[in-house]
Each structure stands twice: as C-alpha cells, then as structure tokens.
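Based on these hints, arrange chain A on the given structure of chain E.
Chain by chain, the residues:
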Amino acid sequence: MLNGLDRFFRYISLKQLIIFNVLILVLILTMTVGISKGSFDFSVLKYFTGNLTTLEEEVLVNIRFPRVLLAAVVGAALSMSGACLQGLFRNPLADPGLIGVSAGAALGAAFSIVMSAEFFPDFLFTPYLLPLSAILGSAFVISILFIITRGFGFEGMTYMLLAGIAINALAGVGIGILTYISDDAELRGLTFWTMGSFGGVTWNLIIPAIVIILSTIVWTLRISRKLDLLQLGEPEAYRLGVDIKKLRFDIIMSSAIIVGISVSLTGMIGFVGLVVPHLVRLFGGVNHHYLLACSALTGAILMVNADLLSRILIQPAELPVGLITSAIGSPFFLWLIFRMRKK
Amino acid sequence: MSIEVNNISYSIKDLQILRDVSLKIKKNEVLSLLGPNGSGKSTLLKIISGDINPKSGSVLFDDINLNNINIIDRARIRSVMSQSQDIIYDFSVKEVIEMGWLEGKEFITEKFDNALYKVGIECEISHLFDKSFNQLSGGEKRKVHFARTLIQMYNRDFETKSRYIMLDEPTANLDISHELQLINILKKKTLEGFGVFIILHDLNLAYHFSDKVAFIKEGKICAFGTPDEVFKEKILTEIYGLDVSFDNSTKKISYY
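Top line first, the protein sequences correspond to chains E and A.
Heads up, this note's numbering is the position in the first sequence plus 62, with the first residue counted as 1.
Heads up, this note's numbering is the position in the second sequence plus 1, with the first residue counted as 1.
Excised from the complex, chain E in its bound form (with noise of 0.2 Å):
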C-alpha cells in the first residue's frame, strides 16, 4: 500500500500533485456544503458541538450524509471507470454506456423491479435483489463480451464496441418489454429509477457498496502505468511487457463491479464518465496516475453539486439527478464531436 502510494506521487508532477490536493479540499468542502444544505438547512458543526435537535440529527446521521456519500462514491466510480475505458478503447467518447455494462445493469435492475414482487413477495434480501440483479445484468454482459471478442487478438476492441452497441439495443428491448407488462405501481418506480436519484438509500445497503466500490477503485489506480503504455498501440505495449489480455480483463471487471452497483442504487446517471476525464485532462495532462485519481475526485465533487442541485432547484420537490447531469453533459457531448471534427 505505502509502495503504491510512494509509486503514484513519482509519476505525477509537481502541478498535478497541486491538483490532486485542492480537489480533495473541494470534496472535503463540497460534502460539507451538502450535507448542511437541503428542504432545511443546519451547519454540520453543530453535530460535533451536539447542538442538534433530534429530529435535524435524525436527518443528519440517516438521511443526508449516507445520501451525499453515495453521490460522491458513484459519481468517483462512474468517472473512474469512465476514463479507463476512455484508456483501454483509446477513444475519447467512451464510457460505461457505451459498451453495454450499464445497459446490461439497468436490465438486471429492471428485471428485479418488476419481476421481484410476483416471484418473492415476502423475501427477507429484497433490499439486495436490486443491486444483485444489477451486477449479475452487468457481468453477464461483460461475459457476452469476452466470448465475442475472444477470437479477434489485437483488432478485439473495434469488435468490442460494435458488440457494445448491439447489446445496447438488446438491453433496450428487454426494458421495453419489461416496461409493457408492468403495473402501474412498478411503471412509476422504473421510470423514476431510470432517470436516477440517490433518494431513499439506508446505511445497510450502502456500506457493502461503499466499500466494495472504494477498494475497486484503489485496485484500479496500480495499473495506470500500463494504460500509458497502451495509448501506444496495443501491439507496441505488448512488446514493451504489458500482457494486453490481463489488462483488457482487470479493466473490464472493475468496470463492471464499480459500474453495476452504482446503476443499481442510483439508476442510470448519463454522461458523468464521459465529461469528467475530458475536464481533468484540461486541468493537468493525460498520464493515467493522475487522470484517474483525479478523475474520481472530480466526479465525486460533481455528482455531489448535482444531487444539490436536484434537491434544492424545485424544493420540496426534487429533480432526477440524472435529468442534470445528463442537461449539461449532452451539450459537452456535442462540443466534443465537434471539436474533433474540427481536428
């Protein structure tokens, strides 16, 4: 652990250092911020003076910090996993939705929204079936994956992307059918599940996530070193020692871990793996030990502003904070194609 961490602060340079610390101020800061503020504002430095009624504790300690946890933990692991598939594919539009992982999820997920209360109604691990089902959706789509492109060596990732894009429509006919045969009570949770929301989460079901996706994440920083290499050219890393299968393999599992159990908690949250490598390779440079641990800090500041944003723009109402990310991450969308089409 020391050893990696003496690795990562040698390959980055003094600028990205400087980087990598305000952005864990701002976090620090952000969570702070969000945290206090909501349907009724309190200052958190009340909690540790012990100056808090019971009911603003209540909210405190059971509403309000595991919610702004969650947004900053999925917000680091769909930007995290984001800019290592941006490094794996070597393509800059590249994202968890875009190889089918997240569609893959939100099928296992809406199976067990609608399906869970026919076949277990009573079922002790309901809370669980949701992210259960999501992960299971995500890996059986990254196994689908491997057996397609198993064959192909090198030229493997082009297949991987058109096969990406089938499943995505695949996953988009199971939902459409799930959708149909729906009730109206399951039709209004899938809706609002789709469009994402970190509402209504409890600290049984997002400490295993926490900690699963957190140590995904520091697993995930060790091999930053060999994605640098691959933006050579999968042949030419190859001969410089990187086993290209291997890595494609830890690349694609941690993306499917983090992934999977961020869709199955928040639904799916557009566009945040796509925009927050862009900025942070605007900020400092592109050599991954930086880009993503900063990455992950990045998203999980903007995730946080987001699930603010959704909570205080229409108050008491609340806005899907799938519907803000996705409003500001499609124009950026827009902007990148048409820069590169400039190039």
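Heads up, a few of these hints could be off.
[Claimed, not checked] Counterexamples of contact, computed for chain A against chain E with all Cβ distances above 10 Å:
no.: 1; residue: 51
no.: 2; residue: 91
no.: 3; residue: 160
[What the hints assert, rightly or not] Derived lysine-lysine pairs resembling DSSO-like cross-links, with alpha carbons at most 30 Å apart:
no.: 4; chain 1: A; residue 1: 162; chain 2: E; residue 2: 308
no.: 5; chain 1: A; residue 1: 25; chain 2: A; residue 2: 132
no.: 6; chain 1: A; residue 1: 47; chain 2: E; residue 2: 308
no.: 7; chain 1: E; residue 1: 307; chain 2: A; residue 2: 253
no.: 8; chain 1: A; residue 1: 213; chain 2: A; residue 2: 56
no.: 9; chain 1: E; residue 1: 307; chain 2: A; residue 2: 162
no.: 10; chain 1: E; residue 1: 308; chain 2: A; residue 2: 95
no.: 11; chain 1: A; residue 1: 14; chain 2: E; residue 2: 307
no.: 12; chain 1: E; residue 1: 308; chain 2: A; residue 2: 56
no.: 13; chain 1: A; residue 1: 213; chain 2: A; residue 2: 95
no.: 14; chain 1: A; residue 1: 14; chain 2: A; residue 2: 189
no.: 15; chain 1: A; residue 1: 218; chain 2: E; residue 2: 307
no.: 16; chain 1: A; residue 1: 25; chain 2: A; residue 2: 56
no.: 17; chain 1: A; residue 1: 190; chain 2: A; residue 2: 14
no.: 18; chain 1: A; residue 1: 132; chain 2: E; residue 2: 77
no.: 19; chain 1: E; residue 1: 77; chain 2: A; residue 2: 95
Hints were generated in silico from the structure; no laboratory data involved.
We treat Cβ as the ideally placed atom computed from N, Cα and C, and that holds for glycine.
Chain A only, in chain E's frame:
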C-alpha cells in the same frame, strides 16, 4: 550471442506466408531484410519479436527459445520500432519517451535522467521534450519513437545481456538527412554491442550500411550474406522482376 531463426514457416489458413526461413542476427551487426511488397517481411519481424507464433520452426535468443522468455524479459532484450499509429491523447514528448523506460519504480533517478539526456542528444530531440507529441511533424514523431526504442534498451540489464533493436521501415517519410542520421545512430549502436534487424526498401541504403543482407520473396529467403555477396545484378533482377544494374566503380544500384 545472436538471434537464431530456424526453419520458420507461417501460414494463415491455406495461404503460405513464410516457408522454411532461417536467419541469424548477430551482435555488433546490422542485418537488413529486403524484398518486394507482400513477401512476408513484416510477418517475419512479428515472429522474431514474439508478437505471433510460427506454425513450425523456432526462434532462439542467445540459445534460449523465445517461447520460454516471458513478455517482460523480452522487453529487456529487444525493442521494436514499427510504423506506429497516432497517440490519441496529448502526451508530452518526454512522457512518450518515458514509456520506453522499463524500470518503473526508478522513475526519477539519475539513471533515467542520464538515459534521457543521452537519447535526446543522439536523436537531436532534446529541444522538443516539453512539447506536445501531437504537435510535432511526422519526421519528428518518428525520431521520438526511435528515442523511445533506444531508451528501452538502457534498462538495468544494460551491461550484462545482449540487446537487439528491430525496425520496420524506420526511414519511411523521413527526409534524406534524417534518414542518414537514424542510420548512423544504428551503426553506432552496433559498436556498443547491439544487434540490429531492419526492414528496408532502399537498395542503396541497405548496400552501404548493412553488415548482412537477406532478400525475401514469396516467403522464402532467396539470398543471404554480406552486401557484396548478394548485391548481384542477376539476383536483384530475379527478385524484383525488373532490370536492376549495379555499377561496380561507384557501388550504386540503379533500376530506371
């Protein structure tokens, strides 16, 4: 101390690409591989560098079968410069060269700085280090990739193990002065103990700076030896199906 290529054959489905190819790349020597387009030159380089496995035959690095050397150790004894594709993201020139540095943990060390300084001087690219790689000209990009290929060989086994550089048409889209500069660096490297395996198209260039030349046609080696042994009008004419003349007084090859 050499790379021995023994009876290599390679085919894709029914198409025979290499037939029974044998070569020897010696330390302190430049071996040039020439031949018409589609004769199997790049495939042979891929097999010797370990990218693909031959259907039959073997490649030995200093008497050890290539299959028994793991990919990390391979990177320490041979570096390959191919016709690289573009890099999508905006890496600096220095970062691109650093990618060839295999001693990850010893990143900010005197050793690395020395190696970087050395390749910077050799390839005359020191003034480009802080520039963005994508803003360089085509020729400058080639030189940066060449520098990366060189720095890969200055790893910690530098003094003890054999080192080989393999290049696939490195002089494509270089002007004549940069072409000569690159060739001279390679020549100097052979004096430092490197073995060089290079695919070329330019007959005159190959004649004047190679220690050994191999001609390949339709997947078969049809001539292998010192330049003076193989640069015969009859052999060249047969290989290229074109009247090639060789002027013995000026040592120039002409074909038009």
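Do the hints match the structure? See the list:
Not every Cβ of chain E is farther than 10 Å from the Cβ of residue 51 of chain A; the closest lies at roughly 8 Å, contradicting the non-interface assignment. Residue 91 of chain A, annotated as away from the interface, has a beta carbon of chain E within 10 Å; the closest lies near 5 Å. In this structure residue 160 of chain A is separated from chain E by more than 10 Å, as the shortest Cβ-Cβ distance comes to about 20 Å. About 28 Å separates the Cα atoms of residue 162 of chain A and residue 308 of chain E, which keeps this hinted pair within 30 Å; it holds.
Between the alpha carbons of residue 25 of chain A and residue 132 of chain A the distance comes to roughly 40 Å, so the proposed pair goes past 30 Å and is violated. Restraint check for residue 47 of chain A and residue 308 of chain E: satisfied, since their Cα atoms lie roughly 21 Å apart, inside the 30 Å limit. About 48 Å separates the Cα atoms of residue 307 of chain E and residue 253 of chain A, which puts this hinted pair outside 30 Å; it is violated. Of the supplied pair hints, the one linking residue 213 of chain A and residue 56 of chain A holds, its CA atoms being roughly 26 Å apart against a limit of 30 Å.
About 28 Å separates the Cα atoms of residue 307 of chain E and residue 162 of chain A, which keeps this hinted pair within 30 Å; it holds. Distance check on the hinted pair: residue 308 of chain E and residue 95 of chain A sit about 27 Å apart at the alpha-carbon level, within 30 Å; holds. As the CA atoms of residue 14 of chain A and residue 307 of chain E are separated by approximately 24 Å, the hinted pair is consistent with the 30 Å bound. The suggested pairing of residue 308 of chain E with residue 56 of chain A holds, with an alpha-carbon distance near 24 Å, which does not exceed 30 Å.
The hinted pair formed by residue 213 of chain A and residue 95 of chain A fails the criterion: a straight-line CA distance of about 34 Å is larger than 30 Å. In summary, the hint linking residue 14 of chain A to residue 189 of chain A is not supported, as the alpha carbons are separated by about 42 Å, beyond the 30 Å threshold. With a CA separation close to 34 Å, the supplied pair residue 218 of chain A and residue 307 of chain E exceeds the 30 Å bound. Under the criterion of a C-alpha separation no larger than 30 Å, the hint pairing residue 25 of chain A with residue 56 of chain A is consistent with the structure, at around 19 Å.
For the hint pairing residue 190 of chain A with residue 14 of chain A, the CA-to-CA distance comes to about 39 Å; that exceeds 30 Å, so the pair is violated. Distance hint between residue 132 of chain A and residue 77 of chain E is fulfilled; the C-alpha atoms sit about 16 Å from each other, no more than 30 Å. For the proposed pair residue 77 of chain E and residue 95 of chain A, the alpha carbon gap of about 16 Å is at most 30 Å, so the pair holds.
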